[in-house]
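Top line first, the protein sequences correspond to chains A and B.
The opening position of the first sequence corresponds to residue 210 in this note's numbering, with each subsequent residue numbered one higher.
The opening position of the second sequence corresponds to residue 290 in this note's numbering, with each subsequent residue numbered one higher.
Hint data in this document are derived by calculation from the structure and do not stem from the laboratory.
Treat the hints with care, since some could be wrong.
[Stated by the list, open to error] What follows is a list of derived Cβ distance ranges for each label pair: (1) A:V281 x B:V429: 51 to 61 Å; (2) B:G430 x A:H342: 42 to 52 Å; (3) B:V553 x A:S272: 22 to 32 Å; (4) A:D339 x B:L545: 38 to 48 Å; (5) B:M337 x A:T347: 27 to 37 Å; (6) A:P458 x B:V553: 45 to 55 Å; (7) B:P544 x A:K282: 17 to 27 Å; (8) A:D339 x B:L303: 37 to 47 Å; (9) B:V329 x A:Q283: 44 to 54 Å; (10) B:L303 x A:K282: 18 to 28 Å; (11) A:K226 x B:L545: 20 to 30 Å.
[To be verified] If you want the footprint, here are the derived chain B segments under chain A, 3+ residues with CB under 8 Å: (12) 303-309; (13) 395-407.
Think of the CB as a built atom: it goes at the ideal place given N, C-alpha and C, for glycine as much as any other residue.
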Amino acid sequence: MPEFAVEAHDIVRVFAKGEVRALDGVSLEVPAGQVFGLLGPNGSGKTTMVRILSTILSPTSGSATVAGFDIVKQPNQVRRHIGLAGQNSTVDENLTGFENIRMVGLLNHLNKDFVEAKANQLLDDFNLSDAAHRTIKTYSGGMRRRLDLAAALVASPPILFLDEPTTGLDPQSRQDLWGIIEHLVEGGTTVLLTTQYLDEADRLAKQLVVLDHGKIIAQGTSAELKKQMGATVLALSFTSSDDALRAQPLLASLSATPANLDGTVLEMTVDNGPAVTADALRRIDAAGITLSGLALREPSLDDVFINLTGHKAEDVDAPVPTGRPGRRPRKANA
Amino acid sequence: MSTLPSPVSTHSALRWAISDVLTMARRNLLALFRVPVSIVFMIIQPIMFVILFRYVFGGAIPIVGTSYVNYLIPGILVQTTMFGSVGTAIGLAEDLQKGLIERFRALPMARLAVLAGRTVSDLFRNVLILAIITGVGFLVGFRPTGGVVAYLQACLLMLVFAYCLSWGFAYVGLAAPNAEAAQAITFPLIFPLAFASAIFVLVSSMPGWLRPFANNQPVSQTADAVRGLMLGQPHGQSTWIALAWAIGAVCVLAPLAVNKYRKVA
Chain A
210 MPEFAVEAHD IVRVFAKGEV RALDGVSLEV PAGQVFGLLG PNGSGKTTMV
260 RILSTILSPT SGSATVAGFD IVKQPNQVRR HIGLAGQNST VDENLTGFEN
310 IRMVGLLNHL NKDFVEAKAN QLLDDFNLSD AAHRTIKTYS GGMRRRLDLA
360 AALVASPPIL FLDEPTTGLD PQSRQDLWGI IEHLVEGGTT VLLTTQYLDE
410 ADRLAKQLVV LDHGKIIAQG TSAELKKQMG ATVLALSFTS SDDALRAQPL
460 LASLSATPAN LDGTVLEMTV DNGPAVTADA LRRIDAAGIT LSGLALREPS
510 LDDVFINLTG HKAEDVDAPV PTGRPGRRPR KANA
Chain B
290 MSTLPSPVST HSALRWAISD VLTMARRNLL ALFRVPVSIV FMIIQPIMFV
340 ILFRYVFGGA IPIVGTSYVN YLIPGILVQT TMFGSVGTAI GLAEDLQKGL
390 IERFRALPMA RLAVLAGRTV SDLFRNVLIL AIITGVGFLV GFRPTGGVVA
440 YLQACLLMLV FAYCLSWGFA YVGLAAPNAE AAQAITFPLI FPLAFASAIF
490 VLVSSMPGWL RPFANNQPVS QTADAVRGLM LGQPHGQSTW IALAWAIGAV
540 CVLAPLAVNK YRKVA
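Next comes chain A alone, as it looks inside the complex:
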């Protein structure tokens, strides 16, 4: 195994005859044996990146290797070393869980006896034994994702691509899946994870890349990204949004980055929490504005995201389609 499980250089992908640049020069180095997070809102290019690295889609320009093999020149070698699972569940609804894993195993050109034994073992490991011989139609969302992941693991790939693995799942299913992913990484698997959930990236990924509109806007460990923010977030709640609006310009000079106003709550990142807080209170008091609440806290990745992009990760619509633009809306599996 080369030093980096995945290396991508200046990947560009253009859709719709050049009108949409889904990826605009993305370079990555994913070290082997850890979770690498690709973080960004809908339409940021995460899924396109995974499709390119898993040889489903070819890049418009740029190059990449996965497990040391060139994604364009040696796609079949790449396919032998990867597993793919996630949001758009691969599973065939009309087949049972066992049949789905069996099919993927056989298409990976593994011996039939091995595939069947391995399928039973995976169903057991993923707590799906009871449902092994039921069709996927009867599975819950969490069970489908677990099965999808189990099928991706049938050939024990050293590199796993997980495209938004927990999108649309209930909290318990998310926790379960996080546990499974952590267990896989302990066993030496490299995971490239895309997510729009900052808590997920924070919890799982050692290193992160933040994508927005097809470009990398930040990278590093989650601790490093948070450090870029300044030490503390000061959150001030007002009794009305008018008050919050009036207070905003008064406090502008206290923070190096613009404050974020959300309804009646004004949030700003500050270097010296206690001193700045006292200063902010004096200014608000002098203007005759009343506070309804105040908090000082560690920055979250949400704060990092807002700081970097000027918008929240969640409230972005998806102007860039993940697939063939304007043609075939991919069914969003819950």
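With chain A fixed as given, assemble chain B onto it according to the hints.
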């Protein structure tokens, strides 16, 4: 962790390609038999055609040399296998729509196994339909007199014809935005072939301007050959012409479908 058998299989690339096609075909057939109502839907239309033409229109259609039911059933069988190959378009459009084809591309499987597996499973499905509709034919008075060997030859000819058409419908399925559209697109394609043909009536009863098309188009040639074989009647060169149509069609349609597959998936 329990001990597992060895994962390694040493087969040649060709053997793996065949294995991939069979894996895909098996997957499609499992889905078919898991939804038995889909088999009912496949045979309900030809049964309605049999009843309609045997008992409603048949009395008004003059036929030379045999009874109308003996004329009709071979035609219905050709029509049924042809309509059966439309399933290729619908199945592929569904797989594409659900993102399954995209995911197959991340597996180290033979690239064309998705297309070939679909056409092979549709071929098996056509065998099943052919058997059922043959039974229905016997129930309504069909009495072929050409012998078992000729009957099986006729079935083989229809299956070859439908299999070759499947590749054209594969193209339609890959080009259509969804399964419903795929089905809608196939209808105007097969309607003139099915009805301006020798399936239900003698071509000599049609107006002069339509006869050249109706006489020479592949469905009529196939129907003539199948009827001749099943009834033990002379049918000229129609078997060879039908085969030539089928092979000519697959030579054009399969590359089109393969090319489309490379582009969309």
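* Asked: Honestly, which of those hints from before does the structure not fit?
  -> none
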